[in-house]
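Peer 1: Below are the chains, spelled out letter by letter.
Number of protein chains: 4
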Amino acid sequence: MTLSLVDVAKHSTNKSCWVIIQDKVYDVTDFLAEHPGGSKVILKYAGRDATQAYLPIHPPDALKTLDLSKHLGPLDSADAQQLHIAQQNRVKTKDELRVEEQYKKRPPLGRILSLADFESLAQLVLSHKAWAYYSSSADTTSANVENARAFSRFFFNPRVMRPVRDCSPATKILGFDSSLPLFVSGAALAKLGHPLGEANITRGAHKGGIIQMVSSNASLSFAEVAAAAEPGQTLFFQLYKHTDDSLAVKRVREIESLGYKAIFLTVDALTAGKRECDVRAPWVLEDMENGPAYHVEGGPADIADDGGTAGALVGADDQNMTWEKTIPWLRSITKLPLVIKGVQCLEDAVLAAEAGCDGILISNHGGRQLDYSMPPLETLYRIRKRRPDLFDKMEIYIDGGARRGTDVVKAICLGAKAVGMGRPFLYAQSCYGADGVAKAISILDSEIVKAMKFLGAAKIEDLVPEMVERVDWQAKL
Amino acid sequence: MTLSLVDVAKHSTNKSCWVIIQDKVYDVTDFLAEHPGGSKVILKYAGRDATQAYLPIHPPDALKTLDLSKHLGPLDSADAQQLHIAQQNRVKTKDELRVEEQYKKRPPLGRILSLADFESLAQLVLSHKAWAYYSSSADTTSANVENARAFSRFFFNPRVMRPVRDCSPATKILGFDSSLPLFVSGAALAKLGHPLGEANITRGAHKGGIIQMVSSNASLSFAEVAAAAEPGQTLFFQLYKHTDDSLAVKRVREIESLGYKAIFLTVDALTAGKRECDVRAPWVLEDMENGPAYHVEGGPADIADDGGTAGALVGADDQNMTWEKTIPWLRSITKLPLVIKGVQCLEDAVLAAEAGCDGILISNHGGRQLDYSMPPLETLYRIRKRRPDLFDKMEIYIDGGARRGTDVVKAICLGAKAVGMGRPFLYAQSCYGADGVAKAISILDSEIVKAMKFLGAAKIEDLVPEMVERVDWQAKL
Amino acid sequence: MTLSLVDVAKHSTNKSCWVIIQDKVYDVTDFLAEHPGGSKVILKYAGRDATQAYLPIHPPDALKTLDLSKHLGPLDSADAQQLHIAQQNRVKTKDELRVEEQYKKRPPLGRILSLADFESLAQLVLSHKAWAYYSSSADTTSANVENARAFSRFFFNPRVMRPVRDCSPATKILGFDSSLPLFVSGAALAKLGHPLGEANITRGAHKGGIIQMVSSNASLSFAEVAAAAEPGQTLFFQLYKHTDDSLAVKRVREIESLGYKAIFLTVDALTAGKRECDVRAPWVLEDMENGPAYHVEGGPADIADDGGTAGALVGADDQNMTWEKTIPWLRSITKLPLVIKGVQCLEDAVLAAEAGCDGILISNHGGRQLDYSMPPLETLYRIRKRRPDLFDKMEIYIDGGARRGTDVVKAICLGAKAVGMGRPFLYAQSCYGADGVAKAISILDSEIVKAMKFLGAAKIEDLVPEMVERVDWQAKL
Amino acid sequence: MTLSLVDVAKHSTNKSCWVIIQDKVYDVTDFLAEHPGGSKVILKYAGRDATQAYLPIHPPDALKTLDLSKHLGPLDSADAQQLHIAQQNRVKTKDELRVEEQYKKRPPLGRILSLADFESLAQLVLSHKAWAYYSSSADTTSANVENARAFSRFFFNPRVMRPVRDCSPATKILGFDSSLPLFVSGAALAKLGHPLGEANITRGAHKGGIIQMVSSNASLSFAEVAAAAEPGQTLFFQLYKHTDDSLAVKRVREIESLGYKAIFLTVDALTAGKRECDVRAPWVLEDMENGPAYHVEGGPADIADDGGTAGALVGADDQNMTWEKTIPWLRSITKLPLVIKGVQCLEDAVLAAEAGCDGILISNHGGRQLDYSMPPLETLYRIRKRRPDLFDKMEIYIDGGARRGTDVVKAICLGAKAVGMGRPFLYAQSCYGADGVAKAISILDSEIVKAMKFLGAAKIEDLVPEMVERVDWQAKL
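Protein chains in written order, with the UniProt record's numbering: chain P, 1 to 477; chain E, 1 to 477; chain B, 1 to 477; chain H, 1 to 477.
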C-alpha cells in the first residue's frame with residue numbers, strides 16, 4: 001500500500017504527525033516527546049517531506065529505533081517524483097548559493113599549508129548550519145579558545161648537536177601502530193560538511209597511517225565507516241552509553257563484530273552544552289533570507305528552549321555512570337581496551353588508573369560542554385607535575401586546541417601518548433574530502449618531524465618533559 | 001484653591017521657586033539647598049512643570065518629606081489640561097524616536113539566549129539617560145570591568161562518573177527557599193527602563209522562584225513593590241541608612257510592616273561615585289539635538305559639580321556608621337536578619353562576623369563607587385584561602401560581574417551561599433518587562449544546572465572549592 | 001645706531017651669523033657651536049628675523065648669557081614695522097589654522113570631568129610642535145605608557161563602617177601646607193601651549209591650594225613666575241645644575257632671593273632622551289604643508305642628529321654629579337631643603353637618605369629619558385616592601401603616570417608624602433589658562449576625597465599600606 | 001662551440017633539462033634530484049633562460065659544484081643579445097613597478113630615527129619575494145614575535161649621581177675591537193634586497209666600527225665579501241657544516257685564507273623552518289598579476305611540498321653533529337676561535353663550555369626554525385640565574401629580537417658579551433645600501449650611549465645584572 005502527499009498532509013499536528021523521509025512515510029506522533037532534539041524541529045515538517053533536514057544529521061539506521069508499526073509504507077511513486085522535481089527546482093537559499101560559489105573558488109590543495117588554512121577555507125565553503133555546528137562551543141566560547149591558547153604558554157628548550165638525520169615520529173596507541181603520535185578524535189555529523197561524511201576521514205586516515213576514533217554520533221552507520229576502511233586499518237569507537245544498558249550492550253556487540261579495536265567511553269557530554277552559535281543558526285539563516293527587521297507580534301514570544309543540533313544527539317545518554325558500577329560492567333561485556341574520554345582533572349585520572357582503565361583521554365569535548373573547564377594541556381601538565389607515575393599505569397591522551405605539529409610535540413614531551421584532533425579533520429574533509437584529510441595529516445607529519453629535529457629528538461622516546469617549559473607569559477597570537 | 005500657570009511662572013528663581021508635579025504645585029525654595037541632587041537641576045524647572053523629569057527617578061512618596069505648608073495646592077484644571085496637551089503634542093527628541101523605533105524591532109523573547117543578549121538589546125531600547133545611569137560605573141570603569149574579568153581567571157576541575165541525572169540547584173538564603181543560589185541585588189530606578197519599574201522584577205522573581213532585594217532608592221514605593229509580590233514571596237530590603245536615626249527607624253518599621261524579610265545595610269555607597277557617563281548624559285543629549293559644535297561664550301563657564309543621577313540618591317545617607325555603634329543599634333530596633341552589603345576585604349568580613357551579623361554581601365556596588373576596588377570574587381577567594389572558618393559563622397554572598405551560570409557556580413564552589421545580580425535584571429525588565437526577568441532567571445537556571453552536571457554535582461552541597469582553580473592567566477574575552 | 005634688514009641679510013652663514021629677535025640684532029656666530037639645541041636650528045634664521053621661533057622656547061633672560069658686544073643694537077624702526085606687518089599678513093600654516101578653529105570650539109570648562117578630558121582636548125588645541133613636545137616620550141614610549149599602567153595593577157581593599165563625613169585631604173610637604181597630597185611637578189616650556197605660560201599654573205595652583213615646582217627650563221623667567229604668585233604662596237624650584245658650579249651658585253642665589261622654598265635637584269635628565277615624536281615634529285609640519293611625497297635628491301641626505309626640543313634644554317647640564325661631592329656642596333651654598341628628583345631604585349633611595357637629603361622624588365622624568373625605566377609606583381612599592389624605614393628618614397614623592405585621584409591615593413597608601421603631576425597641568429593651562437589649572441586641581445580634590453571616604457579614611461594618615469594590594473593581573477584599560 | 005636558444009629549448013623536461021645562466025648553458029638533468037630547493041623550481045626554467053631567478057639567491061661560485069662536463073658552453077652571441085633585449089623590454093610585473101615607485105619616494109636618510117623606521121620602509125621598497133624571505137618566520141611566527149617581546153619584560157633600575165660625561169660603549173669580541181657590544185649576525189641573501197648585497201653590510205660595519213659575521217649562505221662569495229672589507233677590518237664566518245666533512249674542511253680552509261677571524265658553527269638550522277609567508281610568496285605574486293580568483297581544475301591538485309627559499313639553502317647540511325665528535329674534529333682542522341651558534345638552553349650552554357668552545361651565540365635563528373623556541377633573552381636570563389659561572393668560562397652572545405639600544409644594554413647587563421642583529425641590517429642595506437647600514441649602527445650607538453648614561457654606566461663593565469629586573473607584567477607594545 002502506498003500513501004499520497006494528500007494523505008500525509010492530513011497529519012500535520014502534534015496530535016497526529018506524519019513525515020516523509022526518502023519517499024517513505026512514518027508516523028512519529030508518539031516519538032515527538034522522545035526526540036532528543038525536541039518536538040519542535042519535527043513539527044516544522046509535520047505532514048510533509050523532511051528528507052533534506054533529516055539526512056545530514058542522522059545515521060542511516062536511526063529510524064530502526066522507531067517501532068515497525070509506525071513505518072507506514074512508501075509514498076505514492078508519482079508523488080515521490082513530484083517531490084524530487086520540486087527539490088531540484090526549488091529556489092536555492094542565499095546560503096546555498098554562497099556555498100556553491102565559494103566551493104568553486106577553492107584554491108588547489110597544494111596551496112594549503114596549515115590546519116589554519118583548512119579552517120579559514122571551511123568557513124567559506126560550509127553551509128552556515130554546518131559551520132555553526134562544527135565551530136561552536138559553550139557559552140562564552142572561553143573553554144574552546146583557552147584550549148588552544150594553553151599551548152602558547154609552553155615554550156621549548158631545544159637541544160642541539162644530536163644526530164637527527166634519521167628521525168621517526170612513529171608510535172603505538174593501545175598497541176596499534178600509528179605513523180604519528182596523533183589520532184582522529186570522534187566528531188559527529190561529518191555529512192554536514194561533505195556528502196561522503198566520515199568515510200572521507202577513514203580513507204584519509206589510512207593514507208596518513210593514523211587511527212580514527214568513530215563517534216557514536218557519526219552521520220554514517222558504524223558499518224558504513226568500517227566498510228570504508230582498508231584491511232588491517234585500525235578504528236576505535238567513541239561510545240556514548242545509552243541509559244538503557246541493554247541498548248548499550250547491543251551497540252558494543254555491533255562495533256566488536258565490525259572490527260573496532262577499542263572503546264573510548266564518553267563521560268564529558270552527559271547533556272548538551274550551550275552552543276549559542278549553533279542554537280542561533282536557524283534564526284541567522286531566516287534573517288539572511290528575509291532581512292533582519294521583524295516585529296514582536298502579539299507581545300513577547302513563548303520562551304523556547306532549543307538545544308540546537310547538539311541537543312538532539314545526547315538526550316538518551318546515561319547520566320548516572322560511576323567508576324564503581326560502569327567500568328566493571330563494561331569490562332564484563334567486552335574484552336576491548338577501554339579508555340575514558342573526558343577526564344578533566346588529576347583526581348579522576350587517579351580514579352581511572354585505580355579502576356584499571358587502559359587509558360584516559362583528557363578532553364573537555366573541544367570546549368563544547370562546560371565553559372571554563374581546564375584546558376586539557378594544563379590538566380596534562382598538572383598530572384606531569386604531581387603524579388608522573390600515572391603515565392606508567394595507563395596511556396594518557398589529550399584532545400582540544402592542538403593545531404600544529406609543535407602543539408602535538410609539546411603534549412608528547414609532557415607524557416601524552418598521543419594527541420587527538422577533531423574539528424581539523426572535519427574542516428579538511430569538508431573542503432577536499434579524503435584528500436583533504438590526507439593532506440592535513442601530511443602537514444602535521446612534516447611539522448612534527450621538523451619540530452623533533454629542531455629539538456634534537458630522533459624518535460618519540462627522545463621527547464622528554466625537560467624540553468618544554470611552562471612560561472609565565474602568554475604568546476601573542 | 002487652585003493655582004494658574006501664570007501664578008507659578010512668577011516663582012522661577014532661587015529666591016522663590018515653585019514647580020508643578022502631576023498637576024500639583026509645590027514651593028521648593030527652602031528645599032533647594034537640601035535637594036540631594038543639587039539645586040541646579042530643580043531650578044531648570046523653576047516656575048513650570050517638572051513632571052517628566054521628576055517621575056522616573058523619584059518614588060511616589062518622595063514628596064512626603066516636604067512640609068505640608070509647601071504643598072500649595074492643585075493646578076487650575078484648564079491649565080493642567082493645557083499642560084497635558086502640550087506634553088502629548090510636543091516634538092519628540094531624537095532619543096525618544098530612536099527608542100520607539102528600536103523597541104518595536106525587539107526580537108521575540110525566545111531568541112534571547114544569554115544575559116549578554118539582554119544587555120545588547122537594552123543599549124538599543126533604553127533612553128540614553130537610562131542606559132547612562134544603569135551601565136555607568138566609577139572613574140575609568142575599571143572596577144566594573146574587573147568585577148567581570150575576575151571570573152575569567154577561575155577555571156573548573158570537573159569531576160566525571162558521578163550520578164547527576166537528578167540535579168537540583170535549590171538552596172536556602174537566610175533560611176528562605178530559593179530555586180537557585182541567586183538573588184536580585186538591589187538596584188535603583190527601574191522605572192527609567194520600564195513604566196512598571198521594580199514590580200516587573202518582583203513578578204519575574206516570583207516566576208523564577210528567587211528572592212528580590214529591594215533598594216531604598218527604588219522608583220516605586222516599598223509598598224507598591226510589596227503589593228506586586230505574590231503571597232509567600234520573599235522580599236529583602238536594601239537599607240540606605242538616613243543620617244537621622246529616627247528617619248531610619250521609621251523606614252525599618254515601614255518595611256517590617258510590609259513583610260520584608262531581611263535587611264541588607266548598604267555601606268559601600270556613603271557618597272556618590274563618579275560615574276562620568278551618567279554625569280555627561282544630559283550634555284550628550286543636548287549635542288544630539290543641536291549638533292556638537294558650540295562656542296565657549298564669554299570665556300570658560302563656571303565650574304559645575306554635577307553628581308549625575310547618583311548624586312541625587314545618597315545625599316542624606318549616614319557617613320558615620322561604625323561596627324560598634326550601628327550594628328547594636330539596628331539589632332535593638334528590629335528582629336529582622338541583618339546582612340552588611342558592601343564589605344570589600346577580609347578584615348571587615350572578620351569584623352562583621354564578630355559583630356554577629358547574619359551575613360555579608362561582598363560588593364563594590366557594581367564598580368559604581370570606588371574605582372579599582374577589589375573584585376568581589378577575588379575578595380571571596382581571599383576569605384576562602386585565609387579564613388575558611390568565616391563561611392561557618394555567617395552567610396557570605398557576592399555581587400558584581402556575574403553574568404553566566406558558570407560565574408554563579410564558581411562563587412558557590414568557593415563558599416558563597418548565593419550570588420546577587422543587579423543590572424542584568426534591570427536590562428531584562430527594560431526589554432520585556434516581567435517576562436524578561438523570568439526569562440533571565442530561566443536562562444541562569446539552565447546554565448547553572450548544566451554546569452553542575454558537567455562538574456559532577458547533583459546538589460548545591462556537591463560544589464566544593466577543589467572544583468575551581470584560580471589560574472595565572474586571563475581568559476581572552 | 002640702528003641696523004637695516006639689508007645689513008642683517010648680509011650675515012646669513014656660519015661664518016657670520018646675525019639674527020633679529022624682537023626688533024634687536026644679535027651676532028650669534030661664535031655662539032653657534034655652544035647653542036644647546038645645535039647650530040642648525042639657528043642657521044635656518046641666519047640673516048633674518050627669528051622672533052617667532054625664539055620666543056616660545058626661551059625664557060626672556062636667555063639672551064643675557066650672550067656677551068654684550070654681540071648685542072648689535074636695534075633694528076631700523078621702519079624695517080621693524082615692515083617685519084611686524086609681514087608677520088601679521090603672512091599666510092597662516094595649516095597647523096595654525098587648525099589650532100585656531102579647534103580653540104574656538106572648546107567646550108565650556110564645566111564639561112571637563114577628568115584629566116583625560118583635558119588631554120584629549122589639548123591634542124586638538126595645541127600646535128603640533130607643542131603637542132609633540134609635551135606628549136612625547138623616549139624611544140618606544142614604553143616607559144611613559146608603563147608609568148600609567150603600573151597604577152592599574154594596584155587594587156584597593158576598602159574599609160567600611162568608619163566615620164568619614166568629615167574628611168580632609170590636607171597635608172604638609174617639606175613642612176609647607178598643601179590642600180592635597182599633590183604638587184605641580186616641574187615641566188618646561190608652558191608658553192608653547194599658552195601665551196601666559198607658567199604663570200597660569202602659578203595662579204591655578206594658588207586657587208587650588210597646592211604647591212608648584214618651577215622648572216629651570218620654564219619659558220618664563222623665575223622672577224616672572226614668582227611675580228605671578230600670591231603673597232605666602234609656596235613655590236619650589238627644580239634645579240638643572242650647570243656644569244659650571246659658579247653659574248649653578250648664581251642660579252641658587254637668584255631663586256633664594258625670589259622666595260622659592262626648596263630645591264629639587266634634577267638627576268634623571270643629564271642628556272636629552274630620544275623623543276622621536278618631538279624630533280619628527282618639524283618634518284611632519286613640512287609634509288603637512290607641502291604634501292608627503294618627495295624625492296631623495298642626490299642620494300641619501302647627510303646623517304642628521306637633531307635632538308629635538310629636548311636637546312636644546314639640557315646641553316650644559318652637569319653629567320658628573322655624585323652623592324659624595326654634589327650634595328655637600330649644595331648644602332654648603334644654601335639652607336633650602338634639598339630633594340633629589342629622579343631617584344629610580346631602592347639603592348639610590350638608601351644613598352639619598354644616607355646623604356641626608358630632605359626627600360626624594362622617584363621619577364623617570366615622565367618616561368621621557370630612559371625607555372623601560374622602572375615605573376615610579378613600582379619603585380615606591382619596592383621601597384615599601386624592602387625598606388619601609390626609609391619613609392621615616394625623609395619625605396618620598398613620586399611623579400609619572402598618575403592621572404586620577406585614586407592613583408594619588410594609592411601612592412599615599414604606600415607611603416608617598418605627595419604625588420607630582422606635570423603634563424596634566426600643561427594640558428589644562430593650554431586649554432583654559434589658569435582656570436583650567438584650577439579646575440584640574442578641583443577635579444583631583446573631588447576624586448581624592450571620594451576615594452578616601454570609600455576607603456574609610458577621614459584624613460591622610462588613615463591611608464595605610466594594607467589598603468592597597470598589588471595584584472597579579474592587569475586591569476584592562 | 002656555442003649553443004642556440006633552439007638547441008636549449010629541446011631540453012625542457014626532467015628527462016633532459018638544460019638551462020641558461022648568464023649566457024652559458026648547463027645540463028642540470030642529473031642535478032635535479034640533488035637541488036636543495038627541489039626540482040620543481042628548476043623545471044620551471046627548463047629549456048630556457050634562468051638568469052633572473054638564479055642570481056639573487058645563489059653566490060657566484062655556486063655552479064662550481066656542477067661537474068665540468070655539464071658546463072655545455074656559451075650561448076650563441078646573437079641569441080644572448082636577443083635574451084638581453086627581451087629582458088630589457090619585458091613588461092614589468094606589478095610588484096616591480098611598485099618597488100620602483102616606492103624606492104623613488106624614500107625619505108632622506110636623515111629622517112630615519114630608529115631601526116623600526118628602516119623596517120617599515122623596507123616593507124615598501126623590497127620586492128614581495130625579498131620581504132617574504134627576510135621577514136618570514138616559522139609556523140605561527142610566535143618564536144619571532146616573542147624574541148622581541150621578551151625584551152619588554154625586562155625593566156631598568158637606573159643609578160643616578162654617577163659621573164658619565166665620558167662614556168664609552170667600546171668592547172672586545174673574541175679579543176677583537178668593537179665600537180659597540182654589537183655585531184652583524186649572519187643573514188643570507190642580501191642581494192635579494194640590494195644589488196651590492198653583503199658588501200653593503202661590510203662597508204657599513206666598517207664605518208660603524210663593528211664586526212660582521214658572514215653567512216655560508218651569503219649571496220656574494222666569501223672572497224667578494226672579504227674584498228669589500230677595509231684592511232684590518234674584522235670578519236667572522238658563520239659555518240653551515242656540509243654533511244661531507246671534506247667539503248667542510250675545504251670551506252674552512254677557504255675562509256681562513258681569506259682572513260676571516262672566527263667560526264660560528266650553525267647548529268639551529270639543520271633543516272628548513274616552515275616559513276609560510278616565504279612559501280606562499282610565489283602564489284601571492286601570481287594572484288597579484290592575474291587576480292585572486294581561480295578554479296581547482298580537475299579536482300584537487302597534487303600535494304606539493306615546497307620548502308620556500310629556505311629549503312634551498314640547508315639541504316646538504318650535516319644533521320648528525322655531536323658535541324663529542326664535531327667539536328674535536330673542528331678544533332683539529334683549524335686554530336680559529338670557535339663559537340656555537342644556536343644554543344637554546346642552559347644544558348647545552350654547559351656542554352659547550354665543557355667542550356671548550358670559545359663562545360656560544362644563544363639564538364633560535366630569528367624564530368625562523370622551531371616555533372615556540374625559548375626567546376634568547378630568556379635563555380640568557382636562565383643562565384644568569386642558575387649558572388652565572390658560565391659567563392667566566394666562555395663568551396656568551398645572543399641574537400634575535402633586539403631592535404633598540406636599550407635591548408642591547410639589557411642583554412649586556414645580564415652578562416652577554418655582545419648582541420647580534422641580522423634582519424635590521426638587511427633592511428637598512430635594502431633601503432640605502434652601505435649608508436643605511438652605517439646609519440643603523442649610528443642610531444644604535446646613540447641609543448646605547450644614552451641608555452648607559454641614564455643607567456649611570458660610563459663603560460661596558462659598569463653594566464651589571466642588578467640594573468635589570470625581569471618584571472611580572474608585559475609592556476604594552
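Please keep in mind that the hints were generated in silico from the structure rather than gathered at the bench.
Do not rely on the hints blindly, as some may be mistaken.
[Claimed, not checked] Only pairs whose alpha carbons sit at most 20 angstroms apart, straight line, appear in this in silico SDA-like list of lysine to any residue:
{"hint": "1", "chain 1": "E", "residue 1": "Lys459", "chain 2": "P", "residue 2": "Gln233"}
{"hint": "2", "chain 1": "B", "residue 1": "Lys325", "chain 2": "H", "residue 2": "Val249"}
{"hint": "3", "chain 1": "H", "residue 1": "Lys453", "chain 2": "B", "residue 2": "Glu276"}
{"hint": "4", "chain 1": "H", "residue 1": "Lys40", "chain 2": "H", "residue 2": "Thr2"}
{"hint": "5", "chain 1": "H", "residue 1": "Lys453", "chain 2": "B", "residue 2": "Thr243"}
{"hint": "6", "chain 1": "E", "residue 1": "Lys393", "chain 2": "E", "residue 2": "Ala316"}
{"hint": "7", "chain 1": "B", "residue 1": "Lys476", "chain 2": "E", "residue 2": "Trp473"}
{"hint": "8", "chain 1": "P", "residue 1": "Lys207", "chain 2": "P", "residue 2": "Val249"}
{"hint": "9", "chain 1": "H", "residue 1": "Lys40", "chain 2": "P", "residue 2": "Lys261"}
[Said to hold, decoys possible] Okay, the calculated bits of chain E under chain P, using three or more residues with CB under 8 angstroms as the criterion:
{"hint": "10", "region": "106-116"}
{"hint": "11", "region": "341-352"}
{"hint": "12", "region": "365-376"}
{"hint": "13", "region": "447-456"}
[As the list claims (entries may be wrong)] Chain P stretches covered by chain E per the calculated footprint, using a threshold of three residues with CB under 8 angstroms from any CB of chain E:
{"hint": "14", "region": "340-346"}
{"hint": "15", "region": "369-379"}
{"hint": "16", "region": "391-398"}
{"hint": "17", "region": "459-465"}
From the three backbone atoms N, C-alpha and C, an ideal C-beta is built for every residue, glycine too.
Peer 1: Has the given pair, B:Lys325 with H:Val249, been kept, meaning a C-alpha gap of at most 20 angstroms?
Peer 2: violated (60 angstroms)
Peer 1: Run the distance test for E:Lys393 versus E:Ala316: straight-line Cα separation, threshold 20 angstroms.
Peer 2: Since the Cα atoms of E:Lys393 and E:Ala316 sit roughly 33 angstroms apart, the hinted pair is violated (cutoff 20 angstroms).
Peer 1: Measure nothing beyond the straight line between the CA atoms of B:Lys476 and E:Trp473; if it is 20 angstroms or shorter, mark the hint as holding.
Peer 2: holds (14 angstroms)
Peer 1: Are three or more residues of the region 341-352 of chain E within 8 angstroms, CB to CB, of chain P?
Peer 2: Violated: only 0 residues of the region 341-352 of chain E have a Cβ under 8 angstroms from chain P.
Peer 1: Checking C-beta pairs, does the region 447-456 of chain E have three or more residues closer than 8 angstroms to chain P?
Peer 2: holds (count 6)
Peer 1: How does the region 365-376 of chain E fare against chain P when you require at least three residues with a CB closer than 8 angstroms, holds or violated?
Peer 2: violated (count 0)
Peer 1: Between H:Lys453 and B:Glu276, does the CA-CA distance stay at or below 20 angstroms?
Peer 2: Distance ~19 angstroms between H:Lys453 and B:Glu276 Cα, so the pair holds.
Peer 1: Count the residues of the region 459-465 of chain P with a beta-carbon closer than 8 angstroms to any beta-carbon of chain E: does the count reach three?
Peer 2: Three-residue rule not met by the region 459-465 of chain P, so violated; n is 0.
Peer 1: Can you confirm whether chain E covers the region 369-379 of chain P, using C-beta to C-beta distances below 8 angstroms and requiring at least three such residues?
Peer 2: holds (count 9)
Peer 1: According to a criterion of three or more residues whose C-beta lies within less than 8 angstroms of a C-beta of chain P, is the region 106-116 of chain E covered?
Peer 2: Since three or more residues must qualify, the claim that chain P covers the region 106-116 of chain E holds, with 8 doing so at under 8 angstroms.
Peer 1: Can the restraint linking H:Lys453 and B:Thr243 be considered satisfied, given a maximum Cα separation of 20 angstroms?
Peer 2: Since the Cα atoms of H:Lys453 and B:Thr243 sit roughly 16 angstroms apart, the hinted pair holds (cutoff 20 angstroms).
Peer 1: Confirm or reject the coverage of the region 391-398 of chain P by chain E under the rule of 3 or more residues with a beta carbon closer than 8 angstroms to the chain's beta carbons.
Peer 2: violated (count 0)
The structure fails to meet hints 1, 2, 4, 6, 8, 9, 11, 12, 16, 17 from the earlier list, while all remaining hints are met.
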